[in-house]
Amino acid sequence: MSTPSEKYAVFRSDQEHPAVVEFRRLYDFELDEFQLRACAALEDGHQVLVAAPTGSGKTLVGEFAVHLALQRGQKCFYTTPIKALSNQKYADLVSRYGADKVGLLTGDNSINSDAPIVVMTTEVLRNMLYAGSSTLLGLSYVVMDEVHYLADRSRGAVWEEVLIHLPDSVSVVSLSATVSNAEEFGDWLETVRGNTVVVLEEKRPVPLFQHVMVGKRLHDLFAGEAPTARVGAPAKNKSGNPAKAAQPDLKDLVNPQLVRIARDDNRVFRDDSRKPRRRRDLPKNRPSRTHFTPFRSDVVDELDAGALLPAIYFIFSRKGCEDAMLQCLRSGLRLTKPHERDEIKRVLAERTADLPDEDLGVLGYHDFAEALSRGIAAHHAGMLAAFKEVVEELFARGLIKVVFATETLALGINMPARTVVLEKLSKWNGEAHVDITPGEYTQLTGRAGRRGIDVEGHAVVLWQPGFDPRAVAGLASTRTYPLRSSFSPSYNMAVNLVRQVGRTRARDMLELSFAQFQSDQAVVGLARQVHRNTEALEGYKESIDCHLGDFLEYADLRRRIGEREASGSKRRKLDRRIEAQESIEKLRIGDIVRIPAGRSAGFALVLDPGMRSEREGPRPTVLTLDRQVRKLSMIDFPTPVEAIGSLRIPKKFNPRNPQQRRELAQVLRSRTDMLGEDGPPSRARGRDAVSHADDPELQEMRAQLRAHPCHGCSDREDHARWAERYFRLDRENRDVQRKIEQRTNTIARQFDRVCQVLDALHYLDGDKTTEAGDRLARIYTELDLVAAECLRQGVFDDLTVPELAACLAALVYESRAKDEPTSPRLPRGDVRQALERMGSIWRDLSALERDMRVDFLRSMDLGFCWPAFRWASGASLAEVLYESDLAAGDFVRWVKQLIDLTEQVADAAGDTQLRSTARAVVDQIRRGVISYASVVDEP
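Quick note: the sequence shown uses this note's numbering, first residue 12, plus one each step.
Simulated from the structure, these hints should not be mistaken for lab results.
Among these hints, one or two may not hold up.
Unchecked claim - Straight-line Cα separation of at most 30 Å, DSS-like style, residue types lysine-lysine; simulated pairs: (1) LYS662 <-> LYS597; (2) LYS227 <-> LYS112; (3) LYS330 <-> LYS214; (4) LYS907 <-> LYS438; (5) LYS330 <-> LYS750; (6) LYS330 <-> LYS348; (7) LYS214 <-> LYS438; (8) LYS907 <-> LYS112; (9) LYS642 <-> LYS597; (10) LYS663 <-> LYS642; (11) LYS750 <-> LYS552; (12) LYS356 <-> LYS750; (13) LYS584 <-> LYS597; (14) LYS227 <-> LYS438; (15) LYS330 <-> LYS356; (16) LYS214 <-> LYS435; (17) LYS662 <-> LYS584; (18) LYS438 <-> LYS330; (19) LYS227 <-> LYS348; (20) LYS227 <-> LYS435; (21) LYS663 <-> LYS597; (22) LYS642 <-> LYS662.
Please work from the sequences and hints to get the whole structure.
Printed below as a string of structure tokens:
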């Protein structure tokens, strides 16, 4: 910034953006260029999409929206995908702006909801929009953090719903991880939200070096500088795609020492895995595997010795995280100093003071506390939220040195580290073990390198049997991870939209979804292809033009004649096959036949008629004249066959005995010599020569062809060749047009089918919702229609508090593993009858969905019914967890989801006894560890 022109540009920018200048003074560091561009665009009144790597500071742009709202006396909502991130952002904003100006709305907390700045989960904002909440009045800015969540299969639709339904007066700040189609996403935002500025940042704030740990030794993954360690954004190719430009030949990139290790290790692995052998049978001096996966405690030791802590150690298993923590405890590992241990104990005691003492044992508190004091922790979704938050706070402060975590830690939580370790490059996705994607690898390793603290970050992959360093280099180098919409209309969405704007307007609004936008983008390319094909067809027409008449009509007649002849041939071929199959099935042992085709053509003796196969037909076994025993198939019988004689086969004939085969073949030859070379005439002979003379329609078309004026054209065959090209391209063009029709209005057609289901069940009445539809509009769960039907049919009306809790649990719970017991323990009495009625309702709705060609309702899962029943009956946490084998964190999470649904049911039930029962359920299950205010204390 030494030249006068550069100084003047900065001066002009400061003059035009006073709010940005004031915002910059709040920080003791210089803002990056991409942050300044995004903030300036926001101050100028534009919507903004920021796509930048993890840890680059893109949330600062969201905080500028907060600053603008407060400066202008307006309101800003800051939305996040998960409650933990909402709580963390709430704490950050309170520390900067004060508790009186910041509120929080999640499923667990409602604090100062009328504040000018409110942090919330995205689902809360979606529900506000559908309910027409008064809290939306005066809203000017919405920050959508981690907006790339819209690709999530189960929750992604919520982000699109919010972006589509927010009032036009609201400016949206969308913050996304780096995706390779950010421009496409920005184009969609421009279509839906208006003028949108897309700010892309490819450069990592801290260089990232890639390593592989083999045994206890750390090797560089790349022979030279890692692509992620380069200063500046990656070079782009001519198409502007950084993905391809960043991918030179991996053979030249990968550390050759790792390649040699992998080759040697794989050779030993292949030699060892040929077949199991006893130790004494193993050859002497055989090669042995010298490279191994290091123990977890050894990995931490090596990282500590190399000054590479703090580290996040990703293990794609909850149990693996807990085991790793305990292994480090048993190994005597200690990473903290005395004053750090004292501070850890103080924070832990403060944060868990409200937890009931009787629950601490079952929650694994004592091992957790001991590990924390040594600077070691686990972090996964099965843990109690309070424990996870303690880990997050202590790690952010540098008191925890290593965290064994599942991939959920990479989803937005602000926990940067110096080093990230990946134990494996595959994970269980609920159905199978799958390799992680380049996008997931980037998201996980993006945590390495703390901005303003570390000069460089480090990603470490552990050696495993069958390790391929080139594959890892591909993951680390690939920058192609496009954002794909997972949007589809649900029943709750449909009734809410129809109730607000009517069916036609709702249909039009759904056409604005990113899913339809991406589908339409694909249609643009197809439409160009149709245009090119249409122009080519016009050129073909000119070449086909005949002075005697319409040659296309003549050519079409020729084409139809050819199709008719081919169809007749296929039909006759099928008839002959059926006839041949029937003739083979009539054969008996000892029949002499003449095989019409194949390797075994000629005379043969049937040894076994063969069993009929639905797929292949009969497979008779025969003895040929050259003494060979063969099993035949339908391919050997293009025409029917019949016995032309018979022979008695000796009872003790053994087809495997060469002498017996020779003797029987000699008898067969003598008998066939008496029949002559061809044998008696077959009843099938002559049928292959059947002409088309018996097809009157074909004869009529041939007569029309001969009578057509173009039949006498001297250039007829030349015109015919062009006509054949015309018809071929015309077929291709029609196929492309069908694809366009299938991709056009796909979301609208889904919405129409959803409305057909709701019409059939009388939830909708034209452009209005019925009383049942109004109840459905209040229920936000995956099985929303099942819950609404249960309400309408009175399934829940006479249930007690524990019984209602058990039944509603079947609508929220979904087991993690597909192989969990299919017949879980259930309470006795009315609960079972109610669950049977619910199952019947689900089956009826599923049948209706099949008829309407939609598929939204997953199966009910009864795995949480017993724990919910016991907890609502007053059982202790230890009793419930022991009886259910659930992790404490899972139990708490499912109970909180049960509370959400129960409150929705109470709201939808109206002024009935069911409302009182539902509220009593909430009061009864919101106790003990459930009632503990998990992250924040109300000011």
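Which numbered hints are broken by the structure, listed smallest first?
-> Per hint list: 2, 3, 5, 12, 17 violated.
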